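Asks: Taking the hints into account, I'd like the entire structure generated from these sequences.
Numbering (mature numbering (1 follows the signal peptide of the UniProt record, and there is no 0)), first residue to last: -25 to -1, 1 to 192.
Be aware that one or more of the hints could be misleading.
Heads up, simulated SDA-like pairs for lysine to any residue below, C-alpha to C-alpha not over 20 Å straight-line [what the hints assert, rightly or not]: (1) Lys100 to His89; (2) Lys185 to Lys85; (3) Lys167 to Ile182; (4) Lys185 to Asn132; (5) Lys36 to Leu74; (6) Lys189 to Trp160; (7) Lys100 to Ile45; (8) Lys33 to Glu2; (9) Lys33 to Trp160; (10) Lys48 to Asn24; (11) Lys100 to Thr141; (12) Lys189 to Ala129; (13) Lys159 to Ala129; (14) Lys85 to Tyr164; (15) Lys192 to Thr139; (16) Lys20 to Ser121; (17) Lys36 to Ser91; (18) Lys36 to Ala(-1); (19) Lys167 to Thr38; (20) Lys167 to Phe95; (21) Lys1 to Trp160; (22) Lys20 to Thr140; (23) Lys185 to Thr4; (24) Lys33 to Ser150.
Pairwise CB distance ranges, derived in the manner of DEER restraints [stated by the list, open to error]: (25) Thr10 to Gly82: 22 to 32 Å; (26) Lys81 to Gly57: 47 to 57 Å; (27) Glu15 to Ser88: 42 to 52 Å; (28) Ala27 to Phe101: 21 to 31 Å.
Keep in mind the hints are simulated off the structure, nothing from the lab. Computed from a prediction, not measured in an experiment: that's the story for all the values here. C-beta: ideal position from N, C-alpha, C; glycine also.
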Amino acid sequence: MKKNLLSILCVSVLTLSLFSCKEKAKEATTSEAETVAVVEAEATKYTVNTEASSIAWKGFKPTDEHFGTIGLKSGSISTTDGTITAGSFVIDMGSIVVLDIPADEKGNAKLVSHLSNDDFFDVEKFPTATFEITGVTESEGKTLLSGNLTLKEATNNVTFPVSTTTEGDTITLESETFTIDRTKWNVRYGSKSLFDNLGDKFINDDIELKVTLKATK
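Replies: What follows is the structure in structure tokens.
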């Protein structure tokens, strides 16, 4: 009996250790809005292919998580000598898709509706969000993209690692997975840091994002 109990305890400790060691995506460096980069006269301009571009998102609760994608409405990228120097894109907040719940289940439509209403992104009032590039830097062998993200009338500058590849007339920009603190953009519903007495009903402030963007000349 004691041996069985000891085995159960060991398994529990090992399981807890594995969950504790699970690596969390790094939060994007966030600061006040900065001056938007100006498109240089000699720059090469690429127009975003909205059909081939998207932002993957993931949200977390104590008991589970939800994930999906959101699309882009328009955008452009400018490069000089193969390096991104400016650009902006418009995020279509009405294109939120949930992927962890089958599309034909009621829970899918319910979650999309919840994310779209004024609890979260208030899509009717704020149908779009924008990202405007403010600069690109190199640090520790990584390319860091900085830009002003405007969502629900709040603007903050965020910096996160990206990689770019160019093939013919197409440039592909892909970010590493990163997180942002949604409360900095007035998305406050269920935030444990803002509301008391939520118990285990809170929703994590961090939203995980990964940007994939394709654009052509």
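Asks: Are the hints correct? Go through all of them and say.
Replies: Hint check:
1. Lys100 to His89: Since the Cα atoms of Lys100 and His89 sit roughly 14 Å apart, the hinted pair holds (cutoff 20 Å).
2. Lys185 to Lys85: Violated, at about 24 Å.
3. Lys167 to Ile182: Roughly 14 Å separates the two Cα atoms, so the pair holds.
4. Lys185 to Asn132: Judged against 20 Å, a Cα distance of about 16 Å means the pair holds.
5. Lys36 to Leu74: holds, 16 Å
6. Lys189 to Trp160: Violated - the C-alpha atoms of Trp160 and Lys189 are around 26 Å apart, more than 20 Å.
7. Lys100 to Ile45: holds, 17 Å
8. Lys33 to Glu2: holds, 13 Å
9. Lys33 to Trp160: holds, 16 Å
10. Lys48 to Asn24: holds, 9 Å
11. Lys100 to Thr141: violated, 37 Å
12. Lys189 to Ala129: violated, 26 Å
13. Lys159 to Ala129: holds, 7 Å
14. Lys85 to Tyr164: OK: Lys85 and Tyr164 at ~16 Å, within 20 Å.
15. Lys192 to Thr139: Between Lys192 and Thr139 the Cα gap is close to 15 Å, so the pair holds against 20 Å.
16. Lys20 to Ser121: The hint holds at about 18 Å.
17. Lys36 to Ser91: holds, 18 Å
18. Lys36 to Ala(-1): Since the Cα atoms of Lys36 and Ala(-1) sit roughly 16 Å apart, the hinted pair holds (cutoff 20 Å).
19. Lys167 to Thr38: holds, 15 Å
20. Lys167 to Phe95: OK: Lys167 and Phe95 at ~15 Å, within 20 Å.
21. Lys1 to Trp160: holds, 18 Å
22. Lys20 to Thr140: Holds, at about 15 Å.
23. Lys185 to Thr4: holds, 15 Å
24. Lys33 to Ser150: holds, 15 Å
25. Thr10 to Gly82: 22 to 32 Å: With Cβ atoms ~44 Å apart, the hint is violated.
26. Lys81 to Gly57: 47 to 57 Å: holds, 49 Å
27. Glu15 to Ser88: 42 to 52 Å: holds, 44 Å
28. Ala27 to Phe101: 21 to 31 Å: holds, 25 Å
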